[in-house]
Structure formats: C-alpha cells, structure tokens
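> Take the given structure of chain A and dock chain B to it, following the hints.
Protein chains: 2
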Amino acid sequence: MTMEERRRAAVKEMMKIAGEIYDDLDNSRIPELEIPSRTKSNIAFDERHRVWKYGRNKSTRSAVSLPGAYMLLRTVYTIDFIKKMIEQHKSSTLREMYYISEGWSEGKFSSQGDSDRLAEDLEILTKKLREDMGLRPEEDGARVMGDLSVEEITRKGEKRRIHCQDDVGDSGYSIPYNVEREKLKIRDTNAKLVIAIETGGMFDRLVENGFDEEKNAILVHLKGQPARSTRRFIKRINEEKNLPVIVFTDGDPWSYRIFASVAYGAIKTAHISEYLATPSAEFLGITPSDILNYELPTDDLTNEDISALKSELSDPRFHDEFWESEIKLQLKMKKKSEQQALAKYGLDYVTDTYLPEKLAEKGYET
Amino acid sequence: MTMEERRRAAVKEMMKIAGEIYDDLDNSRIPELEIPSRTKSNIAFDERHRVWKYGRNKSTRSAVSLPGAYMLLRTVYTIDFIKKMIEQHKSSTLREMYYISEGWSEGKFSSQGDSDRLAEDLEILTKKLREDMGLRPEEDGARVMGDLSVEEITRKGEKRRIHCQDDVGDSGYSIPYNVEREKLKIRDTNAKLVIAIETGGMFDRLVENGFDEEKNAILVHLKGQPARSTRRFIKRINEEKNLPVIVFTDGDPWSYRIFASVAYGAIKTAHISEYLATPSAEFLGITPSDILNYELPTDDLTNEDISALKSELSDPRFHDEFWESEIKLQLKMKKKSEQQALAKYGLDYVTDTYLPEKLAEKGYET
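Residue numbers (numbering that gives the first Met the number 0), protein chains in the order written: chain A, 0 to 365; chain B, 0 to 365.
Chain A with its partners taken away, still in its complex shape (with noise of 0.2 Å):
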C-alpha cells in the first residue's frame, strides 16, 4: 500500500463512524459510540502477540447526555477535518487541529487534552494509525547511529538512502515522525544490536567512544519516554533484521515505565501495542542492583519515586520475577542512580567495563 492508499484506507474506516451516528439519527436511535477503558486496571496480555492490550471493559460515550452529545459532534467534525485534510495530502500537528476547532462553535475542544484523546479514540474504532490519518505529534525525531541503512521517501516523494553513520553529522539520523514502511524502508545492517539509551549525553558518550562500531550495534537515542516512532522505528528493526533490542536507562521508576512502553507497550496506547512494543527488548540497566554491586552514586528516592514503584508492583506488566525482586530492592534501598553516574570511574567505564560486562551476562558476546 502506498501512503495514499492507507490514508484513504483510514477515511473510509471514519466514515463508517460518521455513516453509523447517521443511521442512528435517521432511525430515531440515540447514537453512541464504545471504546475500551483505557486504564492499568484494564490491560491483558496478548499470547499472539506477547504484547499488553487493552482488556474487555467498556465505557460508552452516548448522546443521551450532553457531553456525550458534544463529544460526538467533535467526532464528526473532526472526521470531516481529517477528510478533507487527506484530500489535500497535507497533515496536522495535533496541536493544530485543537486550533482548527476554533472554528467548530460548538463541537470546539475545551483542551488539546481532549482533542489528542479523541485521536487515539478515532484509532481504537478506526482500527488505523493516527499517521495513517495525518495526524503527528510536537515531538522532534530521536536520533539514531550505528551500520544501518534507510530509505526514505521524502516530502517532495523523492527517494533518499541515509547510511546512519557514514551519511549523517556527529549527531546521527533524525528519525521522522512517520516511520510506516510507505515513508521509511529499513535497508542493509551488518549490526549485531540495539542498544535504546535513555538520555542524550549517554548517546553521545556512546558516539563519542565509536561504541558503535567497536561493538556493531545501532545506537537510538530514546529521548526520555520515547515517542511513537521510535517505539515503532525499533520495532521495525528487531523484527525485519531480527537483532536483539537491549535498553539501557537511569535506575529509577519513571526509566523502568521507558522500558515497559517499549518491550510491552504503553497504557495510553495499548490499543496498537502489537506496531509499538517490542516483547524480546531486554533491560539492561541501570538496575537496583548496579546501584549496590557498582557502588553509584546516588540520590534518595522521592515520595512520588516511592509511590510510583508501588504502583509498578501492582502494574500487571511487571509481574515476574526480576521486576518484583528489583522493585523490592529498591524500596527497600530508598536510593536511585542515573546512568551517567558511572562517570564515577573516569568517561570510559560505561564502554570499557559496564556495559561489556552486562552485556556478557546476558549472554552477548562483546
């Protein structure tokens, strides 16, 4: 399909929304709509998939009371607006479009809150990428380097091959917000792993000591809590070249939910978990553990830290053994650590000592 053909593929899926309320009106029914609770309460594994999704409860949005009335009049409207906007091959921050309802009187958004949740709403009934309707995010690209090739289609539909690291500056590729294969084609690797760090002064200590290519892994900058594209951008590359995702973040709560959102998908998006999340990704560090057996220096654990571990222990994506010994471990320690915390031992630790020996654990060769 080329990307003409699924954003018309994802109109005719709205207008079978809009086609739906209409019938409705038409037969004196009153309209309404359904959609999954999107909670923690309400996610399940998926065997299939080996991803979490969204689990059976419901919550109906009906005109049967006003809200429910206003938020199906935002629904057509932005149907309409996604319509015509396809139309004329254009897309939308969905900044953008909370501004565009400006115009709407009253199907106008109270809060972009509202409008980027009526989005993924429109993707849960539409079975579609919000990409596929033209909608993207504020979030700049993350950046990649490391021995792989893409391909890009570029906004001119001219096509353009960027080696990550023999073609880009010191700061390495830009992944794009829309990285479905009719805009980005993954092409040749001769890379082992990847290796998603969270902050961006570990990538560039990465960078800057060739880790790359003394030890052939792609390097992606995850950007604190990775954007839909680098979740998806990764994805693509565990699966189309088969290499083994490791992520590598600071040890605290907040890092181990960047984890979570990219090896078992993300409560607020777990409707696509299966594009997004990447099961076989393996934690690497920094774990309760490290703090203790690398001597880290550390800082105490807040009480949003506190509570935010607890609520991990009753999240059902970290229910195995390694998450609930750890997560103890560090409740229990009242300490968390950063990854850039092993400058500790001198710039080169983290390339020649930590991550080497990590990696070996886990059986890489290195």
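Derived by calculation from the structure, the hints in this document are not laboratory data.
As the structure is a computational prediction, the values presented were derived from the model and not from experiment.
Possibly wrong hints are sitting among the right ones.
Because identical chains cannot be distinguished in the list, a pair is counted as satisfied if it fits within a single copy or across any two copies.
Cross-link-like lysine to any residue pairs, in silico, SDA-like; alpha carbons within 25 Å at most [to be verified]:
(1) K343 to Y76
(2) K158 to T188
(3) K184 to P30
(4) K361 to I305
Then chain B, alone, in the frame of chain A:
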C-alpha cells in the same frame, strides 16, 4: 587553529589560573578570584559588538572563607580534569563532570548547578569557550532545513559535506553541540534569509508547506530557549553569508526572552555574547498586536506571565519603543497566544498569509 590547538590554548589559560593560586599560596597571600556579577542589573550594551555584556560589578571568591576555599579547591580539581581529558582527546557532558567530582573528596560538587556555574566562570576567567574545554551540555541539536551546505569534521576526523535539503530526511540536519569552525564549516547557500522558529510543530509546518524552497529561506528550529550551538550557528550564517535573521515565536514573555537571547545575548552567557548573539536579528511575531490584528485564539496571562512581562520592562535589553509599547499592550490585554494558533484559519494560513504579510511589513520581498 585546529580543534586540538584551540583546546591546548584553553588549557594554557586555565593553567595560568592554577599558577596564580599556587603563587598566592607560595607567597603567603590568601588566594582569590574576581568574577563579574551575573545579574540582570549588571549587563551593559557593548557598542563595538552591539550586544549586551557584563558590566563592571564584580564579586570576589576568596579563600578567606570556607565556602570560598572550597570553591577554589573545586576550581583546581576541575582544571586538572579538563587538562587530562583534553590530553586524551575526549569531551564530557556537564553532568558527567559533576559525577566525576565524586572522586574529588572535599572538592566534590554539591549539585550540578555548582559545576555548571564553575564551567561558565572558567570561560569568563580564561576568555575561552566551554566547547574549547571539551565540555558540552545534554541538549539535543536543533534541526535545520534549507538551501545550505555545511561541512562537518566527524568524530573520526573525516570531512563530511551535507546539504540541509538534499542530503537529509524530512527531519532535517541536526546541529552538533560544537559548531566552531574547526568542527563545522558553513559552505554554499543561495538562501535569502534565515527564519528561526520556536516550536517543532511550526518548524514541521513550514517544512511540509515547502516554505524553505518557495521563499528561499533557511529554517532553524530553536527548540524553546535555544542551545548555545543553535545561537552560534545562526550567528555564523548571519555573518559569514550576510543573511538576515527573522525570529518567529509564540506570543508570550518567555518567547520574547528567546528572541532576546538570539538577538541581544542571554544574561547567563553575557560574557560570550559577541560569539552567540546576532544583533541584527528581527522579531517577527507573534506580537501582542498580532493577537488583536489577526484575532488569534488566546489564553489568559498567568501571574508568572505578568511578572515576567514586568521584569522585561525593567530589562535594559527591552528598552526600546517597540518592546515597551507591545509589552504594555499585552499587560493591558492580559492575553497571550501561540504560533500554532494561526491554524484557526487553516493549515496554510501561516505560509500563505501571515508570514508573507509580516515579512513584507519588514521590507522583505516575498
């Protein structure tokens, strides 16, 4: 000068500081260092460079007090660290330097704020750039799209020529953290102006709409408060290619500070304003007048916004007719707006109407 020569020159200047401290101790004098006061009240207009720099107020760090003595100890440790790092052809993030101080016993920094400030103090004392000392921030490179060729010296010492339209994906070229001549050369361009843009969403809008090609403009994403490398990059294009610079931001006091840091110099980096600021840069909008003239969607000013606007009225950099009348207008309206609010009139309004009108007002052919 090559990068190595610049770095050795920086070390030489730093060794002079260490030498002075040694001589003081050797001659039974109490060692001290004098640094300009780094406050809004101590910046003054430098007629020669047409930028704002530190004035004559000084503060003294003297070993006569315990905090002053610790500060001098940390200074000497830091100089030693930088010297060794440069001998090994390495660089370090500011965060890594903070963690490395873990090994300095009594010389350990108490927070990263302390170590960042010391790096700036060393710039002031040595009249060299932090980049020459191999110190870099965490910030990601901002993105560039336009008819401009740059030549980077990569980490392996190879020359790499990159055209910021033809050799990059739709995310553009990422500016590296060091953009000094030894690392990056500004080569050919046929562009007529540079447009520096605050938000990623608006940068992507101008890219999608082909504004760089249609108007022959180099688009630079400021990413909020711009990194030093982004400001330096803009200044170098302005000077070396003699291109005008237009700044396009949201319409709130924080955005005016972004413009000030591009055009006048930032308070934190006033000691190197002549490297970073582009005095001829012009502010395009969103102005408070635009909010009225274009009837843009608005949000109410918060108390923090109001304080920031009032603080700008007493900031010498904003002492001119334009800023005073616009800031007073905004305080009267009590409203602010965003670049992307222009989407109220459709996705093309900014490139078809707003930018051409505003550029024509400023005397640019469009």
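> Could you work out which of the previously given hints the structure breaks and list their numbers from low to high?
3 and 4
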